[in-house]
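S.K.: Each chain is listed here by its residues.
There are 2 protein chains.
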Amino acid sequence: MTGIYFSGKDEKNVTSYQNMTQTERQEEYAKLQAVYESLKTQGLQLDMTRGKPCKEQLDLVSDIFDMLKEPEDYMVDGIDIRNYGHLSGLPEAKRLFANILNCKPKQVFVGGNASLQLMYGVLDNAFLHGRTHSPRPWCKEPVVKWLCPAPGYDRHFKMTQAFGFELITIPMTSTGPDMDAVEEAIKDPAVKGIWCVPKYSNPDGVVYSMETVVRMASMKPAAPDFTIMWDNAYCIHEFEGEDVEFPDILHQCKKYDNYDMVYEFASTSKITFPGDGVACMATSEGNLKDFEKWIGLQTISYDKVNQQRHVLYLQNRAHTLKLMKKHASVMAPKFQAVLATLEREIADLEIAHWSKPKGGYFVSLYAMEGTAKRTLALCKEAGVAMTAAGATYPYGIDPKDSNIRIAPSYPPVEEVVKAIDVFCVCLKMAALEKLGV
Amino acid sequence: MTGIYFSGKDEKNVTSYQNMTQTERQEEYAKLQAVYESLKTQGLQLDMTRGKPCKEQLDLVSDIFDMLKEPEDYMVDGIDIRNYGHLSGLPEAKRLFANILNCKPKQVFVGGNASLQLMYGVLDNAFLHGRTHSPRPWCKEPVVKWLCPAPGYDRHFKMTQAFGFELITIPMTSTGPDMDAVEEAIKDPAVKGIWCVPKYSNPDGVVYSMETVVRMASMKPAAPDFTIMWDNAYCIHEFEGEDVEFPDILHQCKKYDNYDMVYEFASTSKITFPGDGVACMATSEGNLKDFEKWIGLQTISYDKVNQQRHVLYLQNRAHTLKLMKKHASVMAPKFQAVLATLEREIADLEIAHWSKPKGGYFVSLYAMEGTAKRTLALCKEAGVAMTAAGATYPYGIDPKDSNIRIAPSYPPVEEVVKAIDVFCVCLKMAALEKLGV
Numbered sequence: 007m008t009g010i011y012f013s014g015k016d017e018k019n020v021t022s023y024q025n026m027t028q029t030e031r032q033e034e035y036a037k038l039q040a041v042y043e044s045l046k047t048q049g050l051q052l053d054m055t056r057g058k059p060c061k062e063q064l065d066l067v068s069d070i071f072d073m074l075k076e077p078e079d080y081m082v083d084g085i086d087i088r089n090y091g092h093l094s095g096l097p098e099a100k101r102l103f104a105n106i107l108n109c110k111p112k113q114v115f116v117g118g119n120a121s122l123q124l125m126y127g128v129l130d131n132a133f134l135h136g137r138t139h140s141p142r143p144w145c146k147e148p149v150v151k152w153l154c155p156a157p158g159y160d161r162h163f164k165m166t167q168a169f170g171f172e173l174i175t176i177p178m179t180s181t182g183p184d185m186d187a188v189e190e191a192i193k194d195p196a197v198k199g200i201w202c203v204p205k206y207s208n209p210d211g212v213v214y215s216m217e218t219v220v221r222m223a224s225m226k227p228a229a230p231d232f233t234i235m236w237d238n239a240y241c242i243h244e245f246e247g248e249d250v251e252f253p254d255i256l257h258q259c260k261k262y263d264n265y266d267m268v269y270e271f272a273s274t275s276k277i278t279f280p281g282d283g284v285a286c287m288a289t290s291e292g293n294l295k296d297f298e299k300w301i302g303l304q305t306i307s308y309d310k311v312n313q314q315r316h317v318l319y320l321q322n323r324a325h326t327l328k329l330m331k332k333h334a335s336v337m338a339p340k341f342q343a344v345l346a347t348l349e350r351e352i353a354d355l356e357i358a359h360w361s362k363p364k365g366g367y368f369v370s371l372y373a374m375e376g377t378a379k380r381t382l383a384l385c386k387e388a389g390v391a392m393t394a395a396g397a398t399y400p401y402g403i404d405p406k407d408s409n410i411r412i413a414p415s416y417p418p419v420e421e422v423v424k425a426i427d428v429f430c431v432c433l434k435m436a437a438l439e440k441l442g443v
Numbered sequence: 007m008t009g010i011y012f013s014g015k016d017e018k019n020v021t022s023y024q025n026m027t028q029t030e031r032q033e034e035y036a037k038l039q040a041v042y043e044s045l046k047t048q049g050l051q052l053d054m055t056r057g058k059p060c061k062e063q064l065d066l067v068s069d070i071f072d073m074l075k076e077p078e079d080y081m082v083d084g085i086d087i088r089n090y091g092h093l094s095g096l097p098e099a100k101r102l103f104a105n106i107l108n109c110k111p112k113q114v115f116v117g118g119n120a121s122l123q124l125m126y127g128v129l130d131n132a133f134l135h136g137r138t139h140s141p142r143p144w145c146k147e148p149v150v151k152w153l154c155p156a157p158g159y160d161r162h163f164k165m166t167q168a169f170g171f172e173l174i175t176i177p178m179t180s181t182g183p184d185m186d187a188v189e190e191a192i193k194d195p196a197v198k199g200i201w202c203v204p205k206y207s208n209p210d211g212v213v214y215s216m217e218t219v220v221r222m223a224s225m226k227p228a229a230p231d232f233t234i235m236w237d238n239a240y241c242i243h244e245f246e247g248e249d250v251e252f253p254d255i256l257h258q259c260k261k262y263d264n265y266d267m268v269y270e271f272a273s274t275s276k277i278t279f280p281g282d283g284v285a286c287m288a289t290s291e292g293n294l295k296d297f298e299k300w301i302g303l304q305t306i307s308y309d310k311v312n313q314q315r316h317v318l319y320l321q322n323r324a325h326t327l328k329l330m331k332k333h334a335s336v337m338a339p340k341f342q343a344v345l346a347t348l349e350r351e352i353a354d355l356e357i358a359h360w361s362k363p364k365g366g367y368f369v370s371l372y373a374m375e376g377t378a379k380r381t382l383a384l385c386k387e388a389g390v391a392m393t394a395a396g397a398t399y400p401y402g403i404d405p406k407d408s409n410i411r412i413a414p415s416y417p418p419v420e421e422v423v424k425a426i427d428v429f430c431v432c433l434k435m436a437a438l439e440k441l442g443v
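Quick note, the sequences are listed as chains A and B, same order.
Start counting at 1 in the first sequence, then tack on 6, and there's your number in this note's numbering.
Start counting at 1 in the second sequence, then tack on 6, and there's your number in this note's numbering.
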């Protein structure tokens, strides 16, 4: 455990588990076991597996469906938004996302409901046909290696794994990926890219520092077609405090003569709806042209009616930030419940430390090494489902068996409280088992 | 020209261009040229390039957007349709499409707004990972060959071309692809699949005969992973007469022990909206499982709100057929205008023959060999845009330079009349040029 994140430890005089005698640990374990057994009898069914908005959040934006009413509403800038065409998105939708991401409309592609699909598209196109500066299609390379700052997002890692890429773990720090490690790794021309979640990273909640952003944008990788997958999923997703300004990665890359190196992604999955939002991608005009050729093989256009609903409903960045405040008011109590319980129950025991994020969808907890799996197995048995241990690492293997992603957004706050109580009991039991009881 | 389709020739005593003397042809050409020059001065801008519904058709279904109104409408069978999840589609959406396609709900995957994307997915998955019965991923095969009944759909051909497959032309007949040619071709284990548009084929409007369907379903290809891409795009798209019943290809394939051989595709692109419809795929349960694993890499779920709108609006096959009658009432006059003009202007000249379809979105015309490109160049100069000559053949090359796809659905009927008038003048001029003037 690096300890670089956030210590949960206060300077109080509670005996840490490490400092207990074996007898004390045995007594403590027996107490916990009794609590655990009674929890099991409650038949709990609590789900903190995924970072998804709750019903209350979805209800508060459902008036978006009233945005289009009259037949003339479907004619926008001379475009019948119900028909085929305008593959790269409605002009006004490009303007909206450019405003949110602080880039230019001509750099934006507006897609369907899933930014993951756009990410897959960039990789699939590179795999089949190569990128602009590729010596050959990636499927013709003997090996493609990919940098995975970890802990990170399981779906990112699985996607690159599915293409047969070799995943290389890059440690995360409190300012973003370890850039020394990145700069060393990119000397290998087989290293073709990196995953990044630059703001409120999944799961650690880290906001990349300006230094990290600049080092990233100014890299000189050996591979001429090195690709930064900049998944800005939580670009305006503060649940505490004001919006944190964040540099435009396209501008930074262009400044350092790396304009084609980066693809940025975002979506309204956690602004409007996970299933019925709008996703976008921002990249150089050359990359966009290349992407449109590829995506044009499989669709004539995305759902422009839904794009137009979002244009009318979200309006611009400032207006969208007001909406995010409403989401924050639903999210914050759940995160506060998790953090308060961890502080009260765990901080003094020296068995874990955890992130205290101000945005995003996760609390990232580092349990004592070798206890994450056991903790979650105990949780499951008591009816509390969490993201599988190891999921936040390449190939699903956390070498230290330590990181646990807590996703408190979906259940009602009273269930979050209940679930985190159960979790703390399990975390303690697993630690005691490890220390010896 | 095979003449197997539909002769445009009547037994009237008009001199065909072939029977004219050169002087007669020169006189005729001079007259046409005068007409053509006056047409050019009109500054026409008429578009018959693509098979897309017109505004009137979109208006008549736009009340679908009123289907969901109250917060409780978003809870369906215990599912919050706005949130993540249910990747393979809403249960009721599966039931709807199974009813329309005459297959079983458990065989149906409901996707986004583009069936092309599902087709691409099946091929991409096979390319990256191989299909269930594949000896290896298709990207590891030295060569993959693909059967393309032609004339056919340009986007199909381009998609298989993009994967680097070698396209093999299979002649179309009045009962579907030439099955003798297909059965011969599949003896080659490198031949991995075939494109089919079984009902109102694009562009010929052919409905495959029962014999063709049975021969297709009972094939014994050398490749264990041979794949029929059954694009049933016009499954209920009659614009003249009653719905023509059509066999369920999944049932047929299963009967002949080829259950995993076929993927069927359909969408509401021409039932509700091209840009905002819902696409589906039907295949064996094993294939579905395999596909879901792949699609799960790039999306957590499709737009279930739009699926639910369609469930409520279309209800079932019988109710959907009533809606198709309304579409037919808009479409039929346009097709009648095309066919009547061709009959009047061209039939006796022996310079072309054409299809007389009862459904689908196209009239397929076979001009005198070597005149299709010239005809369309003349049209373009006069302000009438048509699908590029050759587009209906693999690699965009019509070896006879004969086939022209006429797509009359989008422009208003008066523009269709005008456009087909211009087209007839151009067709005649090109023929006369070829015969010698």
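No wet-lab data here; the hints were simulated from the structure.
Hints are supplied without guarantee of correctness; some may be wrong.
For chains that are exact copies, the list does not tell them apart, and a pair is met inside one copy or across any two.
Derived DMTMM-like pairs (lysine to aspartate or glutamate); straight-line CA-CA distance at most 20 Å [claimed, not checked]:
| hint | residue 1 | residue 2 |
| --- | --- | --- |
| 1 | K146 | E172 |
| 2 | K46 | D184 |
| 3 | K261 | E217 |
| 4 | K379 | D263 |
| 5 | K112 | E351 |
The structure presented is a predicted model; accordingly, all values stated were derived computationally and were not measured.
S.K.: Each of the hints needs a verdict: does it hold here or not?
M.R.: Results for each hint:
1. For the identical chains of this complex, K146 and E172 are neighbours both inside a copy (15 Å) and across copies (18 Å), given an alpha-carbon limit of 20 Å.
2. For the identical chains of this complex, K46 and D184 are neighbours neither inside a copy (41 Å) nor across copies (66 Å), given an alpha-carbon limit of 20 Å.
3. Proximity of K261 and E217 under a CA criterion of 20 Å is satisfied intra-copy only: 15 Å inside one chain copy versus 64 Å between copies.
4. When the C-alpha separation of K379 and D263 is checked against a cutoff of 20 Å, the pair qualifies neither within a copy, at 44 Å, nor between copies, at 45 Å.
5. Within a single copy, K112 and E351 get their C-alpha atoms no closer than 51 Å, and across copies no closer than 48 Å, so neither meets the 20 Å cut-off.
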